[in-house]
Amino acid sequence: MSLSARLGYEKRQGRVLEINDLIGGYGSVQILNGASLRIGRGQIVALLGGNGTGKSTLLKAISGLLRPWSGSIVFDGSRIDGLRPDRIVRRGLVQVTQGKEAFPGMTVEENLSLGAHVERDRAKRAASLERVYSYFPMLKEKRGQFSGTLSGGQLQMVCIGRGLMSNPKMIMLDEPSAALAPQVVLDIFRTIHRISRDGMTVLLVEQNVRMALLLAQYGYVIRDGSIHIEGPADQLLHDDNVRLAYLGGTVANREATLRR
Amino acid sequence: MDYLIDLVIIGLSVGMVYALVALGISLIYSGLDIVHFAHGEIYMIGAFIGLVLFQRLALPYIPTLLLAIILTGLLGIVLERLFYRRLTRAGGGYTVAGMGMIIAGFGMSIVLQNVAFLIWGAKPLPFPVPFGRPIELGNLTLPMSYVWIVAAALLLMFSLNLLLRKTRLGLAMRAVAYNKDIAYLSGVNVPLMISLIFGIGCALGAAAGVLIGPINYVQVLMGIGVLIKAFAAAVVGGFGSLPGAILGGLLVGVVESLGAGFVSGTYKDVYAFILLIVVLLLKPSGLLGVEAKLKA
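For the protein sequence lines, the chains are H and F, in the order given. Each residue of the first sequence is one higher than the last, beginning at 1 in the numbering used here. Each residue of the second sequence is one higher than the last, beginning at 1 in the numbering used here.
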């Protein structure tokens with residue numbers, strides 16, 4: 001996308017998150033090599049990339065679990081890099097980690113309530129709970145069950161629900177479709193769409209590239225710890241580089257390629 | 001028969017004291033992933049603080065107990081912030097820092113013993129609490145001090161359960177015990193919760209010390225024996241499991257009391273370890289032991 005088009009896009013939407021030249025990693029191993037990205041308010045933005053490209057590391061740096069070595073992260077008008085994760089949650093930015101990590105010894109409702117920890121007002125916590133149940137009616141039925149007894153899809157709902165409980169301005173989802181049945185994936189994506197329609201900004205990290213780009217308005221492709229390709233989602237969906245690298249093309253395309 | 005019941009009652013009340021200390025050790029282990037080897041000294045310091053409050057300040061027994069619990073809890077928070085936190089950080093977050101943590105625990109135990117020695121001296125001090133006449137139940141006479149221990153310990157365990165199960169703070173502490181990253185991402189102030197968990201663990205130790213004080217003397221070395229028994233109790237019940245710590249404490253207390261009464265009092269300290277070995281042979285994870293992943 002041209003610079004003027006991008007500026008126009010940003011002006012229309014207003015930025016909620018802006019990351020500049022983020023460098024960081026684990027121990028002495030550098031993973032992020034100057035990643036920069038911008039997310040407009042109310043958008044669904046897809047962050048794509050293969051295994052080991054730095055997607056999860058970038059999310060951890062944004063949510064505060066990993067302290068970036070250099071670069072800046074501005075959320076909602078103020079710097080958040082270097083803040084403790086719970087402080088970042090208080091500012092309205094929540095990460096839902098990969099791997100459906102719920103607390104097996106807690107009931108569904110306890111798991112969800114934990115997500116509203118920052119809210120002291122009992123009535124507001126109850127309202128958040130009802131809102132999450134409206135997104136995931138299934139969880140209301142299972143509210144008293146220990147989350148250790150849930151299926152993968154239900155666990156993912158608990159994790160996303162827990163992230164929504166603090167009423168954040170923006171939620172970051174790390175591979176919500178991983179290891180789930182296609183029908184469940186569809187349900188989850190539908191709910192993400194609803195959440196976004198209700199005004200929340202969503203950063204969606206996915207391996208399921210086609211689905212993510214169909215849902216998102218804008219996309220970033222990360223490679224070797226920095227942004228490799230970016231653009232409006234429909235454009236990326238038809239971008240030859242993205243298709244070759246991540247979408248694999250259609251069967252007809254592949255056969256055509258083989259014949260050549 | 002009466003003799004047996006007497007022994008069981010004595011065993012249960014002493015077991016309650018072991019259970020309180022074991023509960024503190026298990027709580028700290030589940031929250032901080034460290035085995036706190038200075039917990040016997042926390043129990044000892046708690047007993048001395050209680051003695052000072054009771055004798056010097058002439059407070060009644062219940063306020064003494066409560067105030068000693070609170071003050072020792074605060075002391076625990078200070079120790080965690082000043083010393084243990086640095087070690088857990090050095091170990092890469094709040095995980096096991098290996099040998100360093102264990103040695104630090106022993107070091108802390110020696111330091112606390114010597115501090116107590118400098119303040120209160122080596123002589124065992126009496127903690128005379130006028131509990132009034134024993135309760136008579138048929139042929140049984142129950143000394144009030146034992147009744148007190150059981151009642152107070154049950155009340156504390158009940159409150160702890162209420163705190164952990166029913167409050168926002170308790171939920172956050174359980175989350176921290178299970179997975180610190182997810183607790184962080186749920187907006188929980190993890191370092192604060194870790195301090196609170198450590199403080200509550202120490203407070204339980206102090207409660208045990210103040211409760212046992214009127215039965216035994218209060219002295220600088222009183223923590224060593226209790227630590228070992230409480231440790232056995234925690235392992236018998238399943239390390240890190242809170243109901244396990246209570247069950248283990250009671251079992252150790254009763255087995256010890258029966259052994260001393262029916263076999264020989266000389267080998268009083270051996271019975272707890274026979275129990276420990278038997279349980280570990282039959283169920284290595286402890287009676288109520290769960291997979292580490294389920295400890296929350």
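In case anyone wonders, no lab produced these hints; they're calculated from the structure. Please note: incorrect hints may appear among the correct ones.
A short, non-exhaustive set of chain H residues, derived as facing chain F with CB atoms under 8 Å [said to hold, decoys possible]:
(1) Arg91
(2) Gln95
(3) Gly115
In this text, all values refer to a predicted model and were calculated from it rather than measured experimentally. Note that the Cβ used here is the ideal one computed from N, Cα and C, for glycine as well.
If you check each hint against the structure, which ones fail?
Result: hint 1 breaks, nothing else.
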